[in-house]
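Model the full assembly from the supplied sequences, consistent with the hints where possible.
Here the protein sequences come in this chain order: A, B, C and D. Mapping of the first sequence onto our numbering: position 329 corresponds to residue 329, and the numbering continues sequentially without gaps. Mapping of the second sequence onto our numbering: position 512 corresponds to residue 1512, and the numbering continues sequentially without gaps. Mapping of the third sequence onto our numbering: position 337 corresponds to residue 2337, and the numbering continues sequentially without gaps. Mapping of the fourth sequence onto our numbering: position 202 corresponds to residue 3202, and the numbering continues sequentially without gaps.
So, partial list: chain A residues that the calculated Cβ filter (under 10 Å) puts toward chain C:
| id | residue |
| --- | --- |
| 1 | A262 |
| 2 | A267 |
| 3 | D276 |
| 4 | L278 |
| 5 | A280 |
| 6 | M283 |
| 7 | L309 |
| 8 | A400 |
| 9 | R456 |
Computed beta-carbon distance windows for the label pairs:
| id | chain 1 | residue 1 | chain 2 | residue 2 | range |
| --- | --- | --- | --- | --- | --- |
| 10 | D | E3260 | B | A1254 | 44 to 52 Å |
| 11 | C | G2297 | D | S3010 | 53 to 61 Å |
| 12 | A | P449 | C | E2260 | 34 to 42 Å |
| 13 | D | E3221 | C | P2335 | 36 to 44 Å |
| 14 | A | E140 | D | T3228 | 17 to 25 Å |
| 15 | B | A1481 | A | D436 | 37 to 45 Å |
No lab work stands behind these hints, which were simulated from the structure alone. Remember, it's a predicted structure, so these values are computed and weren't measured experimentally. From the three backbone atoms N, C-alpha and C, an ideal C-beta is built for every residue, glycine too.
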Amino acid sequence: MSPAATAPGSAAPGAPGLNDFTVQVATPNGSGSQSSNAVLLRTLFQMGIPVSGKNLFPSNISGLPTWYTVRASRDGHVARSARVDLLVAMNPETAAGDLAPLAPGTPVVHDAALPPEGGRPALDLYPVPFDALVAPISGEARLRRLLRNMVYVGTLARLLELELPEVERAVARVFAGRARAIEQNVAAARAGFDHAAGFGHRPAFGARRLDATRGKILVDGNTAAALGSLFAGVTVLAWYPITPSSSLAEGLIAALGRHRRAPDGAATYAVVQAEDELAALGMVLGAGWAGARAMTATSGPGLSLMAELAGLGYYAEVPAVVWDVQRGGPSTGLPTRTSQGDLLAAALLSHGDTRHLLLLPGSVEECFTMAGEAFELAERFQTPVFVLSDLDLGMNTWMADPFPYPERPLDRGKVLDRAELERRGGFARYRDVDGDGIGWRTLPGTEHPGAAYFTRGSGHDERAAYSERADDYERNLARLARKIDGARGALPAPELDGDGRAPVGILSFGSSRPAVAEARAQLAAEAGIAADALRVRGWPLSPSVAGWIAAHQRVYVVEQNRDAQLLGLLRLDLDPALLGRLRPVARITGLPLDARSISDEIRAQEERR
Amino acid sequence: MSPAATAPGSAAPGAPGLNDFTVQVATPNGSGSQSSNAVLLRTLFQMGIPVSGKNLFPSNISGLPTWYTVRASRDGHVARSARVDLLVAMNPETAAGDLAPLAPGTPVVHDAALPPEGGRPALDLYPVPFDALVAPISGEARLRRLLRNMVYVGTLARLLELELPEVERAVARVFAGRARAIEQNVAAARAGFDHAAGFGHRPAFGARRLDATRGKILVDGNTAAALGSLFAGVTVLAWYPITPSSSLAEGLIAALGRHRRAPDGAATYAVVQAEDELAALGMVLGAGWAGARAMTATSGPGLSLMAELAGLGYYAEVPAVVWDVQRGGPSTGLPTRTSQGDLLAAALLSHGDTRHLLLLPGSVEECFTMAGEAFELAERFQTPVFVLSDLDLGMNTWMADPFPYPERPLDRGKVLDRAELERRGGFARYRDVDGDGIGWRTLPGTEHPGAAYFTRGSGHDERAAYSERADDYERNLARLARKIDGARGALPAPELDGDGRAPVGILSFGSSRPAVAEARAQLAAEAGIAADALRVRGWPLSPSVAGWIAAHQRVYVVEQNRDAQLLGLLRLDLDPALLGRLRPVARITGLPLDARSISDEIRAQEERR
Amino acid sequence: MTAPAPAPASRVNRLGLAVLDYRGGKTTLCAGCGHNAISERILEACFELGLPPERVAKFSGIGCSSKTPAYFLGRSHAFNGVHGRMPSIATGALLANRTLVGVGVSGDGDTASIGIGQFVHLVRRNLPMVYVVEDNGVYGLTKGQGSATADPGSTFKSGAVADQPAIDLCALAIQLGASFVARSFSGDRRQLSALLRAALAHRGTAVLDVVSPCVTFNDHEGSTKSYTFVKEHDAPLQELDFVPAAEEIEVDHPPGTTAEVTLHDGSRLRLRKLEEGYDPGDRARAVARLVGGAGSGEILTGLLFFDPAAPTLLDRLRLVPEPLATLPTERVRPPPAALEEINRALR
Amino acid sequence: MTAPAPAPASRVNRLGLAVLDYRGGKTTLCAGCGHNAISERILEACFELGLPPERVAKFSGIGCSSKTPAYFLGRSHAFNGVHGRMPSIATGALLANRTLVGVGVSGDGDTASIGIGQFVHLVRRNLPMVYVVEDNGVYGLTKGQGSATADPGSTFKSGAVADQPAIDLCALAIQLGASFVARSFSGDRRQLSALLRAALAHRGTAVLDVVSPCVTFNDHEGSTKSYTFVKEHDAPLQELDFVPAAEEIEVDHPPGTTAEVTLHDGSRLRLRKLEEGYDPGDRARAVARLVGGAGSGEILTGLLFFDPAAPTLLDRLRLVPEPLATLPTERVRPPPAALEEINRALR
Ligand SMILES: Cc1ncc(C[n+]2csc(CCOP(=O)(O)OP(=O)(O)O)c2C)c(N)n1
Ligand SMILES: Cc1ncc(C[n+]2csc(CCOP(=O)(O)OP(=O)(O)O)c2C)c(N)n1
Ligand code: SF4
Ligand code: SF4
Ligand SMILES: [Mg+2]
Ligand SMILES: [Mg+2]
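Take a look at the structure:
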């Protein structure tokens, strides 16, 4: 079995070259290859070469097949590459399938004790006696099993001309502070490196120091989101574990513990592991109502469970931030695979005429910044905001610019305190005094006899009193629609690429970003097709989207789901006259999107015209 | 306060006439006017005059204002009429508001002890000394309070020339079997009738026997749905009470108790009042999986709570029938008001790429027949089917044709029994052997060693084995899409009206049906606008919808929600070239749709062109 | 005697507020509904304790019971959530602002059916708040379906007979580690008042299961939640007096039969034992007494269990004393140096 | 001695089936996970009892534990639902076909957190099925977060310490009216086998809370759910022998210390009492014993409570004996005359 199975682009054209190759490591889950792969990634990064790492792991704790892909790209392409230029075959169970799709001559590092079976087109084999090499390093069997993985890092260092000192520096980073582990892992890497000296030949591609990662950091989107939330002043986190969102919550808990406790241990935040996702969102709504910056993180099944309370948040107008780190659906689906399948569900979450604000980060940088924007929007528009990340963005390791310190103080939205209430002589919670559909609110505990109002998910009038009157009901619903519509301009504007003059446009969102960028390069280089790109970063749509579509004859809407959900949102929103230009490029395999599947599809469609 | 408040059409044109008038009765909730209004409705019905009754009740058990509207229409229009041609003002709390919108000269029956306040344009007042009239009938205060309501029925009989013997027959029907109650209520009606003899004049309109209700029945949609389910052989009902769906479940429980228990009490059905809606749908899925015809009934908040399990049903391919009797949303919304606000939520219910089959009944007859169709479709397509009724359809009283006995035996879909398994030598649960995307299933308990399969909401291959492979995943999702798409032709075809040649079309669904029919008549008669009509009865859309839209230049999409959700589904589904023709006529006030608001809006738009 | 005398509208409490300042909107419940009496007791208790109404936050789910926060304490903020999810909403709000006094009102349907999961976990967390269940054994607002607290054998208006074991919310709470559990009756003004005031003074979740007859759907002969039945089968464990922190009164009961429990703010609840040997400090025996008594028809009321020392959620989280909600930017956003260090570590 | 001897692959049961006919797919759990042992015990119990595998229906939620039905009884249908909702799915299926033998497997997260509401109501309904909780005090599949059954004071791998009262699912079930409640340990082959066989023979919900160490996330020093801790603190209430309906064996225990409970199908569970005075027929005392023992560290195992006479959901519904699922049209569709009468009444 290969992770890609019949995934798009597995017979991808192009050949590896200097600082342009993809290494795939196949291991059983839980065998400890995570650290080795991190070292591999870091080594390239430290050599100044753009890298990305994709971890394909099973929904299982130990034993099932796992693949890790390290891509080096002198051009800075960080999307998944469907090509495998070098395989490290550590998992006998998947070896046959891992080898099957390889092009003839592909270098394969494998356990000398388990030579790949015959019948395969000639591969470039590099047998390594892993057990023999780690035997001298440790007497402990469990440890030796882990160290085997560091051996292949050393072997690769030799084969791909990675700088050994950088490997050692990377080991020191990854095992920071654990001197004995550093020593043993360095020894293992050296053993692999030394053993590889005996091969007599090496692959036709490899690495050489560049200067393309200076000042950058390596981080995953969930950590970025956690840090963004920390610096946005989150005060309440209520969550329920679910892959692939757990590391967002756990990263935030760690960061809060480090940065938001006084020396005496007193915390300026509260974290609750709730009993389920309904409770998690209930807590967030309660906290948001009482004035806290409150958030939760979940994935598809949890999002579905939040449907009823999401509608309450919308209708009762309570700020809340919900991160949905998407995974393969429907239902439990593929819990450890990526997807963009929750877009429609999130935008419309709940019965009745409910609409939500969405933020759609496309990079780890945006995971950081949008964490802050989410709170600002939620409090400004007094409504739940859903941030749709995904497993690829959230759990894989990406190069990024360092996180910028937020410039502005927190904007807490329209909150009346005691003095202001005094001045105004009272207020009506749901009255549109400013023409933007957003009423003023008070926080419980405000010491003014006129501060209180009654919050409810049932019909109410401007003064928050219970009402079943048709006119109150209709007026309120219309105001809510106006309020949400008014957010179009406040949400982050689309990211544009290209000079805007190409006849073809590519419209996408979220983690499709790097694959779209690379696909554009492929289209230009291989087929002479110039394509502009627009990446939507929020919902409801920015007013600028329509104009951009109108300026392009054919717009390919790229997304990682089956039902072309972004195209669906565009259809719901745009002037029908524009819709004829839109063409779906929607596909979901569970694997992070690769450029080839996009460029192939667009090229085919363009050529069919 | 008036129920309509600023509802559409409150200043509606047109005057009442013979067999064409609307009586509104304003009472406090819980005061027992239900039976009187039923007698009033029945009396007209028995006189052969088309009628409809709309109950506007509060979300409260007793005391808050309630309005009941009885409409007589010689032309057979049964939508809510926004006109009030005669008011029975029994509720002092709302009297001022009830009187305010009345046209000068409108007849008002009121308590002689509570004359309407001055300053009003001259109304045609009919004071009735209710307390004095009921005093001789009963010594019991509580009973006398109830009997007051029957007095106004008698008064109306005189004023509107209803036949007193029919009133008495109606009383006998409504209080069937309770001789003393019949006697006292007849006495009360007579007292009101006799008192009215003294008025000396009567309104300019009234009733005269017709022959337009022969063979018809009077029933509400929830009862019809319950009976339809009974005759469709439902075996498991799991439910959780929620207005306005409770009477569907309770009606079914009563019917099952009467018709599906052996003389020894043994039941061929199981009913469970679940602990919540998640459990209700869980039970339905478990039962459907094990081969039962299982259903639940709920409303918006319950629908939202079912989101996660709905996705499980879709992905694991389990038959289930969910009735959503819609009420005003979002959130708790207006629990006792009608709406068509759950359309998008139901069609897309759950995260990931989930799509559901919808049935959209537009009459009580269809509530009966679609109850059966829902089971057939659920079992044939092995998927949850959502039937979207609403409060107006479900809880109000409608004239209908008698229910037809189902002709065909139950079709249980593709189920392999032991013998067939033997013959086939096994099966693969999710293999598309017939080209329709629908696999064969087995039921637990099938005595064959190859019968078992493993049902799960996570990734699986054709043999139902756990799989995370990209190819298995993509193939399975594609088959599911094909399967649901294949239902287009199997769902009930749209209902068409008109000769198909008009330039204008009106597209609608569900309980908008009578209002659309009446609006077409108004447009033709008052503005010379001929309009064809199409009523969608299922989702995904029938293939015929596109052609019909293409044949009309302007298509008004009429629906009872804020966000034009049917229009949204059309936008998601149709060729964009057709979408420019569609114009929303979407409005939600919580009141049943009236024709005037449609015809006014369409006329205005047509005239603006 | 400290049970509140019907407070004359003119009397003022230690804040100088009159009862009127604690009133809410006009009730829309049925006349005679037990829930209305409970609303009165709650507002009286807040008045008597001299709680600033602006410091109280009211929470509820969905049901007739859950509507009641609109009918008391009009000067307090309220969050009427969705069915069965009041506990989580209250938890969030009270974490956001720990200085609030949380008063939750729920029904037996709202708590024991759809909401049982959140109830269980709220109690385990011991979040400081008062949680009143207005328990009538039926779903009032949806017109009389049976609830999970209906006693087996009790008949519904439809004629159906409850046939499953009833959930005893008090026994459940005690077993789950609750710190304050009491049962009362909407019609027992004195007992309910004392318990409510003690509950408001308690630091931890105070569960009050108050039998509150539904006059419209469950007040008939054959129901074990009717006024008549409850009056006849009420078995109070203690006679209760609430003694505010400031007051001191003479002990006038014979020694040995009277116990006192001291609440967080120094106020005390004085218990004159009516059942020999019942000790509201013994968790295991309290549960056993309730479970053992199930089915006897007797309705044990009073303070069933009390543990003033149980750590609360606030203790465990070690929150700063100020409301999290309104901490200024500089207390919730770490300084630039912190981010620089983080960025460095990711380099 | 009727505890199963390791069944040789060749042995056949009364149906002529071998153990192999009761096996499932290869486990994908961690080597050494307690859940694997429980899978073995379940399939052995079904084999020993001679249950036709096609009559068994397996149910589970989500978690490592909930994956296990794929690893035993490959010839039985299975429904692996969503997180925490196994009880409702099982309820529906077993109502649709009452002739099935329902075996549910859940985890402590699946049951005590997200699923506690459905657990509570399943137990109240007393739906005939076996409900096994594979209880490891953590969320295994999501990598070691604490669950609601973690004992206060127990440490997690992260170093965090559980600090809320643990939910004792057995005490909870007994208090809620359960009819068969037992606790065991994945490593106690003999006890677990006897209990599983008795549970399968019981008519009603049989709750088995089986402590089942998670070797990856909760088997360290400091955890009260580690193999070492459980072995050291296991306090069995009885020594158990399961006696199949057909068999008759000599009583070889001194009188007075041995009791027998008879199960629905005539089989018996023989209890040799190890704790003086513990009576699994006394609901109130059983709860008190568990609640009183909480925090002592001791893990009480064995048959905690048993009431063979409690009416089940099937009794209450008075279902026909045949599966509802496959009744023919004429038994589920009333005749035309019935509809005519209905139409007439609406005229
Ligand atoms: C999700 C959801 N399901 C169902 C309902 C309908 N509903 C409203 S109140 C109620 C029951 C209330 O019973 P209880 O909590 O006992 O309150 P009571 O009216 O008896 O005071 C139900 C089922 C709802 N509002 N939301
Ligand atoms: C609605 C939902 N929320 C969260 C999850 C993620 N999840 C999967 S398994 C699990 C916990 C399982 O713990 P437990 O039941 O104790 O089983 P164990 O793995 O320990 O055997 C969680 C939270 C999910 N699948 N669905
Ligand atoms: S229906 Fe019952 S619970 Fe509801 S207000 Fe009336 S008496 Fe109270
Ligand atoms: S993680 Fe724990 S519970 Fe899951 S399989 Fe491994 S040992 Fe078992
Ligand atoms: Mg109730
Ligand atoms: Mg667990």
